[in-house]
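Asks: Chains as they are written, first to last, in the numbering used here: chain A, 792 to 1165; chain B, 792 to 1165; chain C, 792 to 1165; chain D, 792 to 1165.
Don't take every hint at face value.
Said to hold, decoys possible - In silico DSS-like cross-links for lysine-lysine, where the CA-CA straight-line distance does not exceed 27 Å:
#1 A:Lys843 with A:Lys877
#2 D:Lys877 with C:Lys877
#3 C:Lys852 with D:Lys823
Claimed, not checked - Covered by chain B, per the in silico footprint, the following chain C stretches (three or more residues, Cβ under 8 Å):
#4 996-1002
#5 1008-1015
#6 1025-1037
#7 1044-1053
Just so you know, these hints were derived from the structure itself, not from any lab.
Values in this document were obtained by computation on a predicted structure and should not be read as measured data.
Think of the CB as a built atom: it goes at the ideal place given N, C-alpha and C, for glycine as much as any other residue.
Number of protein chains: 4
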Amino acid sequence: MGIDIHHTHTVEVGYDEFCGALAARDLQPLWKIARQLMPEVPLPTTQAWLWKWDDVLPLAKRAGELITLERGGDRRVLALANPGLKGLPFTSTTLWGALQYLGPHESAPAHRHTPSAIRFVLTGSGVYTTVNGDACDMEPGDLILTPIWNWHDHNNRSDEPMVWFDGLDLPLLTTLESIFFENHPDQLQPVEGNNLSEQGFAGVGLREMGASSPVAHSPLLRYRRGETERTLEALHRARGGALVSLEYVNPLTGGPAVSTFACEMHRLYPGTRTPTKRKTGSSVYVVFQGSGRSVINGVRFDWGPGDIFVTPSWAGVDHEAYERADLFAISDRPVLQALHLYREEELTEGQEISGTFVPLKGATSAADSSRNEH
Amino acid sequence: MGIDIHHTHTVEVGYDEFCGALAARDLQPLWKIARQLMPEVPLPTTQAWLWKWDDVLPLAKRAGELITLERGGDRRVLALANPGLKGLPFTSTTLWGALQYLGPHESAPAHRHTPSAIRFVLTGSGVYTTVNGDACDMEPGDLILTPIWNWHDHNNRSDEPMVWFDGLDLPLLTTLESIFFENHPDQLQPVEGNNLSEQGFAGVGLREMGASSPVAHSPLLRYRRGETERTLEALHRARGGALVSLEYVNPLTGGPAVSTFACEMHRLYPGTRTPTKRKTGSSVYVVFQGSGRSVINGVRFDWGPGDIFVTPSWAGVDHEAYERADLFAISDRPVLQALHLYREEELTEGQEISGTFVPLKGATSAADSSRNEH
Amino acid sequence: MGIDIHHTHTVEVGYDEFCGALAARDLQPLWKIARQLMPEVPLPTTQAWLWKWDDVLPLAKRAGELITLERGGDRRVLALANPGLKGLPFTSTTLWGALQYLGPHESAPAHRHTPSAIRFVLTGSGVYTTVNGDACDMEPGDLILTPIWNWHDHNNRSDEPMVWFDGLDLPLLTTLESIFFENHPDQLQPVEGNNLSEQGFAGVGLREMGASSPVAHSPLLRYRRGETERTLEALHRARGGALVSLEYVNPLTGGPAVSTFACEMHRLYPGTRTPTKRKTGSSVYVVFQGSGRSVINGVRFDWGPGDIFVTPSWAGVDHEAYERADLFAISDRPVLQALHLYREEELTEGQEISGTFVPLKGATSAADSSRNEH
Amino acid sequence: MGIDIHHTHTVEVGYDEFCGALAARDLQPLWKIARQLMPEVPLPTTQAWLWKWDDVLPLAKRAGELITLERGGDRRVLALANPGLKGLPFTSTTLWGALQYLGPHESAPAHRHTPSAIRFVLTGSGVYTTVNGDACDMEPGDLILTPIWNWHDHNNRSDEPMVWFDGLDLPLLTTLESIFFENHPDQLQPVEGNNLSEQGFAGVGLREMGASSPVAHSPLLRYRRGETERTLEALHRARGGALVSLEYVNPLTGGPAVSTFACEMHRLYPGTRTPTKRKTGSSVYVVFQGSGRSVINGVRFDWGPGDIFVTPSWAGVDHEAYERADLFAISDRPVLQALHLYREEELTEGQEISGTFVPLKGATSAADSSRNEH
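With the hints as constraints, model all of the structure from the sequences given.
Replies: See below:
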């Protein structure tokens, strides 16, 4: 029995009634929405946005007093919710950025999930994250991976809180409807050793014979700040210019540290504005040190240490440092590249600055609007 | 200048005021939403749903009368809008399914876009789709690719309309903010030849020396029904059983025909219910011929020729044919596999049937609710 | 304890004595042999050569009478021994070409080895080769794989002998010192079915869902002449010209049918001489039907059905058919490509013919020399 | 016109005459040579062998006096010629090992070739090798790549000679008939900078954004001894045991530094004999420091700084250090792995020592035989 086009009659309805009939049958006419669905260039819902350290930190501290870390409230995390995403707690359509606050002598219990996470340490000391039994020390400027389906818990042995940036692919995995989560049977997982993942990776271009990588992520779980520093300096000596950029990669394959987003570090030198570029996909930038400004689609975003901002797909972006600045960033580029969707271009002319970023909500409040002016 | 945690004070606010302050600063507390964001197994917003041919066809015919194909209304397409997706014209969070109706002697003008599309022909004859100059004939049961950024237009030379199923990765590319679109300078692009893409692929396991594939999709643009038929029969002879399944692949690489979703054909033989399986990611099934029923998470969906249904991520799914049936399907599996997120499992026991699908909207209307009962 | 350059004295010997001292210590001075070791272009030891069917066939028949197929003399094979290779039974430095003769109702016992073999059937019928339990029928023009470490035996159920061409990577594996061999515990291995490997590969661009390939070779073990014929005709219709060429590939990956050498079919149409090309690596050509001539480095080689010839690395080669001709060929190209050593070029001018091939040994014998003149 | 088996008659000759007829037609009967061609396990022609530093160094020094480096005698190289290879200047069937001696203030002129070379520095200082414009400094323990078709020249600015180990794939490329060679138009190529290749590779797991690798080899051309030392120490701390082994890899892909052979460093700690292993393919070991012995197929080879030895395919091999020892090695493993021919196994029992290595030629001479006894 095959498809028959002749056994039903056309319904003799007018256009309005016709549209109602479509809606009643869960159908939508493409011709009314085609231009919005298929714009000539990406029309992101992600908005360019910036969160100030001085706004977020007091709230993170307060959360440290108000919220305890126990089962049911595992992590003290403030998600950076992009105003363009209609109330979703996502920083862009693919990326989750957040600040996590771990108080003195606190532990965040062990669990695992299919979303991959990275932790970029902003402040504090004496903390370790255990990843599948490997207790990885965390110090400012370090990058720690807690990749797909790896058990992880966080432990602060010091008298000071730690604050780090959380980067996850959670929004993408929500769209892909692929999120699994599991609590560890114990509050904390057993520790097999300290910084084990680093043992095989002491020299550039050298690897233990017979070493092989997990398929979905780097075997190296801690990328120390010192290595980053050394690489940035070498690149600057070699290349010069206003900007050097590096990517954190799987040392056994050269691929991204995690499969679903890139981790990058950009060092800006003062005095020069970088060329305006645009690319498909979004990025979340975390200012680790220094200050400067970025222009995103003509709007100026000033930033200093601890500030975080997001650039949407195909936005024109340039940067200028007021003093030497390090911007850690995550980006969905590896996904776009895997699907042959990545495009980038450099504009022949720099963009004009047509305004300065003021958060929409803040515009109605003197107290709020002031937060973008220091 | 680095990050300083000590220069601001904790804000001394109560919990409710604290939550308000978070919202005002575009922050969201993870602890309130963690279980919803990170469920133990996927919690899809995509709903299992079914669109009946007898409901959609009369409206498609009526659209043929009401809507003309001119610039600004390029395609006469009825999108299958999943009720779980809050008004978005998407069939699942990653996949677009639609019916396209091309009237006698009509042409749909030439354009290109980064979303990849496939066309699976349901009824009609004498139509061709030109893809980058290659006029590909379309007959029922054929699969035609119009992949990423390939110029394409559709042309009906016959006195009968054609209806085909459109499958696109449009929802995924919307999330990835990677949609580019361009109209061709001419209404129709020039034709360089007919069915050119098939010329190099006449024999299994043989290819022209020196042939190489585009990176993002198959060089073969038309997969004829006859080849599918021949393969299904050979597989059934070899494997037996209630179900044989094949995938349309790039003959030069063995990869999926397009990068972003799989195209599959499933032939069901009557008399046996297939085991219940679940997998991450969604699928859209198009009944090409035959009738039967599928059970999705315990709900029974009866289907016949031309019906289309969608299965959400991690749903338990089994099928049973009343007569031999061919189900064409698209699935986001290649994306999940590329990102190491694909999981599948077969349940040890078949699922019980707890209800029969009735469209929600239809429940309020006798006329509508009747449409699922023939 | 490290390397010390100062604790020994230079030996005060003259040049001749010095050279003798080198030889006595298994050392060779590069400066005497550099030009020979590192020529400006490849300096093959493989010689262009041709074996006439009319010379080889009578001897193969006679071997059928003199040699029985029993353990210890498993295969009745005449190897084509290139005169440039100093008595080694190899057709080129990487490829083994041979004729195998299987008499009526004979069986060649089961064994396996790491050298991969292909069998291209020249004449006969009613034979099957069992490969890991799969009894693959063999008819003229079929290509049968017996890949690396697969059990295989050959069985002739007919009243006629069969002659096929054997292609192996045996010379390469000899250099790589990687040959393993094992006799099957039984004279013949058990048969699980007939032509099983073909069951999943009935349609172009279609594969069974979930199918995966062995890593080292194609899962398809028999490539029928009919498929080759169909592909050659389609290519000729599409491309025109004096030559169409196809490669036998793994239908699940697009890679070569076996890892270590390519299998190709070239159809020549009479009336045009092909452009002169050269490439790194050697090829062995088997004339399946038709007649013509090839010019190799200026020397003319005339050929007809059943003749076999070899082209050395970087030789200028062109072909011309007197009547439509099919040349099956094997080549070490996949190895060179994997190691980034493959080069090819087309000469801007056709090469002049400076002589006609006469086997060296034949030159001393009127009976022999005559064999290249019919 | 197809193949005809009936138009010729069997030649009525006896077995001896038959064999003569085969030879006259460049045919060889497989049945006489099958066991030798297809042994049950690899039957290498490469012999286990060892060259003593104290034997080779005086001759290298003498060569420095006798041989000048000018066009026509480009390199002062003593090749380690394996006695099993019938006079060929090859260390194994796939690998070339040699000592190169560059006198004070000498330069070896610029050329390029398809064979890839590595230089492992044994003694000396103040030398640089320019590779495609990049002047790479050479110090003891450094590994320098001069890969496929890269221009290179060697320059000694010091008052001392330098001696290094040359490793090449020359024997393999001879078999593959793929050697191209070209002299640079100038005696020395222009230098664009010093140690440029190292600039992008300062930190483990980090790479310059957008960096991509040449297809055939590592972009890193100098692997400093310091990095090797650091990695060996970290591995030893992490793993313990009698042996730690590392491989020099392409930092952008994790693949071997050159495509055609592996470069490895093995550090042995005294007091323990390693398990006996065998693998397909050959290795050439260079003792950089320390002393010990290796047992190869039951024969004991004692070694000290500067000694070089070769292990054939499938030989049982174990090592024991008398003092901490570093063995640099090259191996054809990447080729075997690419072709799916690599096998390795560890024997359950250690091998017995049945003899001590004495060079065959040396056995006839008291002076020579003594050289293996200190």
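Asks: Would you mind marking each hint as holding or not holding in the structure?
Replies: The hints, checked one at a time:
1. Distance restraint check for lysine 843 (chain A) and lysine 877 (chain A): the Cα-Cα separation of roughly 21 Å lies within the 27 Å cut-off, and the hinted pair is therefore satisfied.
2. Between lysine 877 (chain D) and lysine 877 (chain C), the direct Cα distance comes to roughly 12 Å. Compliance with the 27 Å bound is thereby established for this hinted pair.
3. Of the pairs offered as hints, the one joining lysine 852 (chain C) and lysine 823 (chain D) holds, with about 17 Å between alpha carbons and a cut-off of 27 Å not exceeded.
4. With 6 residues having a beta carbon nearer than 8 Å to a beta carbon of chain B, the region 996-1002 of chain C meets the requirement of three or more and the stated coverage holds.
5. Check on the region 1008-1015 of chain C: 3 of its residues sit with their Cβ under 8 Å from a Cβ of chain B, so the three-residue criterion for coverage holds.
6. With 8 residues having a Cβ less than 8 Å from any Cβ of chain B, the region 1025-1037 of chain C passes the three-residue criterion, so the hint holds.
7. Counting residues of the region 1044-1053 of chain C whose beta carbon lies closer than 8 Å to any beta carbon of chain B gives 3, which meets the minimum of three for the stated coverage.
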